[in-house]
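Put together the whole structure using the sequences plus the hints.
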Amino acid sequence: MKAIKPLLTAGALALTAGLASAQTDITVAIQLEPPNLDPTGGAAQAIDSVLYSNVFEGLTRFEGDGSVVPGLAESWEISDDGTVYTFKLHDGVNFHDGTTMDAEDVKFSLDRARADDSTNAQKGLFAGITDVTVIDPLTVQVTLDGPNGMFLFNMAWGDAVIVAPESIEDIASNPVGTGAFTFADWVQGDRLELARNENYWGDAPALENATFRFISDPTAAFAAVMAEDVDVFVGFPAPENLPQFEADPRFQVLVGNTEGETILSTNNKMPPFDNKLVRQAVAHAIDRQAIIDGAMFGLGTPIGTHFAPHNPDYVDLLANSPYDPAKAKELLAEAGFADGFTTTLKLPPPSYARRGGEIIASQLREVGIQAEISNLEWAQWIEEVFKGKDFGLSIVSHTEPMDIGIYANPDYYFQYDNPDFQALMEELNATTDPAGRSDLLAKAQTIISEDYVNGYLFELAVATVAKAGVQGLWVNQPTAAVDLTVVSWAE
Amino acid sequence: MSRGLIIGAALSVVFVVLAALSFIWTPFDIETLNIPNKLKPPSGAHWLGTDHFGRDILSMIMMGARTSIAVALLAVGIGMAVGVPLGLLAAARHGSLLDELIMRGNDLVFAFPSLVIAILITAVFGASAVNAIIAIGIFNVPVFARLTRGAALPLWERDFILAARVCGKSAARISVEHILPNITNLMIVQGTIQFSLGILAEAALSYIGLGAQPPTASWGRMLADAQTLVSIAPHTALVPGFAILLMVLGLNLLGDGLRDWLDPRIRVARV
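First to last, the protein sequences are chains A and B.
Just so we're aligned, residue 1 is where the first sequence starts under full-length UniProt numbering, counting upward by one.
Just so we're aligned, residue 1 is where the second sequence starts under full-length UniProt numbering, counting upward by one.
Just so you know, the hints here were simulated from the structure itself, not pulled from any lab data.
Check the hints yourself; a few may be wrong.
Derived Cβ-Cβ restraints for the label pairs, each shown as a range [as the list claims (entries may be wrong)]:
1) ALA220/A - GLY150/B: 42 to 48 angstroms
2) THR342/A - VAL13/B: 34 to 40 angstroms
3) GLY77/B - HIS310/A: 55 to 61 angstroms
Stretch by stretch, here's where chain B covers chain A in the computed footprint (C-beta under 8 angstroms, at least three residues) [what the hints assert, rightly or not]:
4) 215-224
5) 234-242
6) 288-295
7) 371-377
Pulled from the structure, derived: some chain A residues nowhere near chain B, Cβ distances all over 10 angstroms [said to hold, decoys possible]:
8) PRO70
9) ASP117
10) ASP185
11) VAL253
12) PRO302
13) LYS329
14) GLY340
15) GLU400
16) ASN409
17) PRO410
Note that this is a predicted model, so its numbers are computed, not measured.
Beta carbons: idealized from backbone N, C-alpha and C, even for Gly.
What follows is the structure, given as structure tokens:
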């Protein structure tokens, strides 16, 4: 017995020592698994969630508050006419395979993204680039066809990260970037692992290992967090469970905003929605607060147009479409649908759509519109609604930042075709002066709000549930990302 | 009559009455959502509480009973309408190629797990109550076909059938006039059991979103909706769960009781 006692004390000491130094590994859960690991070739948000800023970096990058800061470019100069950007790159940056990151890689990445055969999901970001020239290994010059006030913002997107010609071939399964973490392992259907990049050019991250897990089922998500199987859940799928986590001292709940305008997408070419009066009637039939409370358990900000409320250029246009079922009925009668009509309401899987759809269908019934609900999986939704345009109404959250430009594309799935708006967008793209841009953006928001193009519901909120000791997590989601470079455990 | 039969009959009648009542009256209108009133526990106004949209759960259960019973009844109807004639035909043509074709065809359908067929059908033709009925009906067909053939075959050996044949009655007439009345009891018992399986299948299909679509109420979907709410509003899951349990239990007790009660051999033994 006597011999054991000192051992026990030593064990206890070791335990206390273990507690004193902070944990250096983390398990993060997100809802969807990335289909591949190429942020420059795939549209799936999950790719960016895992890799953005962790493995891949661009010339500029988003901070958690949405601001754009220097990334691989330490500084830049813009010519007086706003068409030539000269980027000065950081010295001594290496890719994870040991090759150096220099101006040639930047030229390669941008030329690849804007090439005719490029599969980049956001080719529009690169559309204005006419030439990329290497001045010296650390200086690269990008020439645009005209001034573009959004260019530095565009270069911060996950689709614009810098890749290397040496490792591009296997990027979809073995991503090689310049970031603070290297890709370690991907067990498809289960988890993806990252390890700290010991040769990182910037500040070394506090974490040594990170594991991503993919849990889309709300019940399983709740169980995984409660059982502490995961340390962090970014984009927790069941808002109804958040009060329980808030009440539990083991956890912290961060609720932030996203760039996701959740809208009742309306097929503007399909009768009777080609009639503005009908669309206006739908807008007045919707009680936004009931949808936010019923579908999102209170999470979300009502919007009156397709623009993020936290953006300084947002115009509050909720007054254009207050909840007023009596007025909706009058408008329907004026449009010749006094007895209402029947249409389809096709819903993708997220709960904002499925639950929101039931609520909206009930609200539309009140004014005489019978919306027949059909629940679709994402692949079916993309096929039928997004590509096939075979729908009357749908509900979806548009999560791309600053995406009001989609209203200038008459072939986009809700098929809004307004030459005035298209001209306005062209003017906006050519305007770099901030005050002028604000004016034009306000005009654009007002046009689509007064045309009742879609039913504008709410700005999607994102909830992150984490163990109490985790710090440095992004609260907001200015782009889909789980930036682990500044995340650490409290001691 | 056994105690099981009485309990089973009572439970079944309760749900049938609730479903029938829902045609003329429910405590609240379930098509109107009342979000501010959501997730209320059982109270004087809402006997079984309210769900996540503030709808009265008792009213939902009544409307859901209607959906369940309608789907299961029609599905069993399809199974009987197709399966019984097939079984009679196979028994009448016992040993022929036709018999083989019918029974092997049934084996083919039977070999698929029933729910998988149902998922396949609703996935291909779209999720709706009608497709759920067809899907559940299809896997009821071989059950009734086999049972009918199995029960009819020994009857064909009996003397009264021989007498009918000697009188010159056709196989079809014998099947309808002599065989069918003698297997009716069996059909009623099996029908009750299949009915309870149909209720379960409808709930399962609705649970995974392939059954009746909203706003039609359905017990399976009520369960699915309540899944993430169990910890904050347990009644939203317990009520539809118990509804399914009690209804299926009732029908099984009823089926068992009926079998004992209607089976001539057991009845003779009892006397």
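Subject >> Non-interface label on PRO302/A, tested against every C-beta of chain B at 10 angstroms >> reply: 14 angstroms, holds
**OP:** Go ahead and decide if the range 34 to 40 angstroms is satisfied by the Cβ distance of THR342/A to VAL13/B.
**Re:** 37 angstroms, holds
**OP:** Examine the region 215-224 of chain A: at least three residues should have C-beta closer than 8 angstroms to a C-beta of chain B.
**Re:** holds (count 3)
Subject >> Non-interface label on PRO410/A, tested against every C-beta of chain B at 10 angstroms >> reply: 30 angstroms, holds
Subject >> Given as non-interface: GLU400/A, which should sit over 10 angstroms from chain B by C-beta >> reply: About 28 angstroms separates GLU400/A from the closest Cβ of chain B, which puts it past 10 angstroms; holds.
Subject >> Range hint compliance [Cβ, GLY77/B to HIS310/A, 55 to 61 angstroms] >> reply: Distance hint for GLY77/B, HIS310/A holds at roughly 58 angstroms.
**OP:** Take a quick look at GLY340/A and tell me if its Cβ sits farther than 10 angstroms from every Cβ on chain B, holds or violated.
**Re:** The claim holds: GLY340/A sits with its nearest Cβ about 14 angstroms from chain B, beyond 10 angstroms.
Original post:
Given a hinted range of 42 to 48 angstroms, is it respected by the beta-carbon distance of ALA220/A and GLY150/B?
Top reply: Roughly 44 angstroms apart at Cβ, these two residues keep to the hinted range, so it holds.
Original post:
Okay, the region 371-377 of chain A and chain B, do three or more residues pass the C-beta test at under 8 angstroms?
Top reply: Coverage by chain B holds for the region 371-377 of chain A (4 residues, Cβ < 8 angstroms).
Original post:
Three or more residues of the region 234-242 of chain A near chain B by CB distance under 8 angstroms?
Top reply: Check passed, 3 qualifying residues.
Original post:
Non-interface claim for ASP185/A: all C-beta distances to chain B beyond 10 angstroms?
Top reply: It holds; ASP185/A is separated from chain B by about 31 angstroms at its closest Cβ, greater than 10 angstroms.
Original post:
Is the Cβ of LYS329/A farther than 10 angstroms from every Cβ of chain B?
Top reply: 16 angstroms, holds
The structure shown violates none of the earlier numbered hints.
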